[in-house]
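Protein chains: 2
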Amino acid sequence: MLRINSEYTLEISKDLEELFKALSNINRLTLVYILATGEMERVSVTEMAKKMGLTQPAASQHLKILKTANILNAKKQGNYIYYTFNHKALINHKEKIDFLFGCVFTKCDKRQKEE
Amino acid sequence: MLRINSEYTLEISKDLEELFKALSNINRLTLVYILATGEMERVSVTEMAKKMGLTQPAASQHLKILKTANILNAKKQGNYIYYTFNHKALINHKEKIDFLFGCVFTKCDKRQKEE
DNA sequence: AAAGTATATAAGCATATAGTTATATACTTA
DNA sequence: TAAGTATATAACTATATGCTTATATACTTT
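Chains as they are written, first to last, in this note's numbering: chain A, 25 to 139; chain B, 25 to 139.
Any given hint might turn out to be false.
One copy or any two copies: either way a pair holds, since identical chains are not told apart in the list.
To be verified - Simulated pairs of lysine-lysine, DSS-like, Cα-Cα distance not exceeding 25 Å: (1) Lys99 with Lys74; (2) Lys131 with Lys100; (3) Lys131 with Lys75; (4) Lys99 with Lys134; (5) Lys74 with Lys88; (6) Lys38 with Lys91; (7) Lys134 with Lys118; (8) Lys112 with Lys74; (9) Lys38 with Lys100; (10) Lys91 with Lys134; (11) Lys91 with Lys137; (12) Lys45 with Lys137; (13) Lys137 with Lys74; (14) Lys88 with Lys137; (15) Lys137 with Lys118; (16) Lys88 with Lys131.
Calculated directly from the structure, the hints in this document are not laboratory data.
Turn these sequences into a full structure, and let the hints steer you where they fit.
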């Protein structure tokens, strides 16, 4: 369970900053949606490029950002590199988001009560 | 309840893009944390500037972004403008985030089962 | 081994972001 | 009303982001 603590909070902020940055681009966000809701359960660089109407290098760069932010995993298989969700890390990310919003809503509720 | 639908999904993506963009800056993210976990339940431009070590215009610009993204509300009171959480909109934001992660985890679980 | 395919990276460019200083506007108080 | 305080905005600058093209590397297939 995540607890409030100024040092810890700072660390969470840093993590969330990177996570939000990675997800704040429409191409990367859409890719995540496609991966999450479509039939594909993995995507290669070329596939992403085609699907999103991007050049191969552009797709490569986007996938690198998603991998660095621990949103996707990369697994080389022959000629291809397949990107899949980093389940474990995503659970962690979600916990941090829930913690942040939990704090926000606690404050909102408290404020409402005091009125 | 949010449902999968390509048109709707696109709309959510746009919303989430703006939300994540607003939260992908360390100063704005930290301010949200401070507001959520500290004693303050509202913040003025000057207070934010002081707390974050920013100039007044910088703080003003950050708060404008958080307001535009429907994370904060602004309420003028005399000389000051007090920014507070936009509770209703934040609930909406959180729903969209939960929907996105819900789809992701559903896909992750499905993949795990099939192995 | 040579050719083909997939990916990564380097270099460059256009635009976006985050800050600055200067200044205008709105409100309060002496 | 004049002075002081809070905020917003304009104009500018430096850096970051997202793309491009060119090219290198890794693997597969003929």
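Since the copies are identical, ignore which copy is meant and state whether Lys74 and Lys88 lie within 25 Å (CA to CA) inside a copy, between copies, both or neither.
within (17 Å within a copy, 37 Å between copies)
Measure nothing new, just compare the shortest in-copy and cross-copy C-alpha distances for Lys88 and Lys131 to 25 Å and report within, between, both or neither.
Between. Shortest inter-copy distance 21 Å satisfies the 25 Å Cα cut-off; intra-copy 37 Å does not.
From the Cα coordinates, with 25 Å as the cut-off, is the pair Lys91 and Lys137 best called within, between, both, or neither?
For Lys91 and Lys137, the Cα distance is within 25 Å only across copies (23 Å; inside one copy 43 Å).
What label fits Lys91 with Lys134 when the C-alpha limit is 25 Å: within, between, both, or neither?
Answer is between; shortest inter-copy Cα gap is 21 Å, intra-copy 38 Å.
When no copy is specified for Lys45 and Lys137, does a C-alpha distance of 25 Å or less occur within a copy, between copies, both, or neither?
This pair counts as neither: shortest intra-copy Cα distance 34 Å, inter-copy 31 Å.
Could you place Lys88 and Lys137 in one of the four classes (within, between, both, neither) given a Cα distance threshold of 25 Å?
neither (46 Å within a copy, 27 Å between copies)
For the identical chains here, do Lys112 and Lys74 meet the 25 Å Cα criterion within one copy, between copies, both, or neither?
neither (28 Å within a copy, 38 Å between copies)
Intra/inter-copy verdict for Lys99 and Lys74 if alpha-carbon distance must be at most 25 Å:
Within one copy, since 20 Å is at most 25 Å while 47 Å is not.
Up to 25 Å between alpha-carbons, please classify Lys38 paired with Lys91: within, between, both or neither.
both (16 Å within a copy, 22 Å between copies)
Intra- versus inter-copy proximity for Lys74 and Lys137 (alpha-carbon distance at most 25 Å):
The answer is neither: 52 Å in one copy and 29 Å across copies each exceed 25 Å.
Which holds for Lys134 with Lys118 at a C-alpha limit of 25 Å: within a copy, between copies, both or neither?
Close inside one copy (24 Å) and across copies (18 Å); limit 25 Å.
Treating 25 Å as the Cα threshold, decide for Lys99 and Lys134: within, between, both or neither.
between (47 Å within a copy, 19 Å between copies)
When held up to the earlier numbered hints, the structure conflicts with 8, 9, 12, 13 and 14 and fits the remainder.
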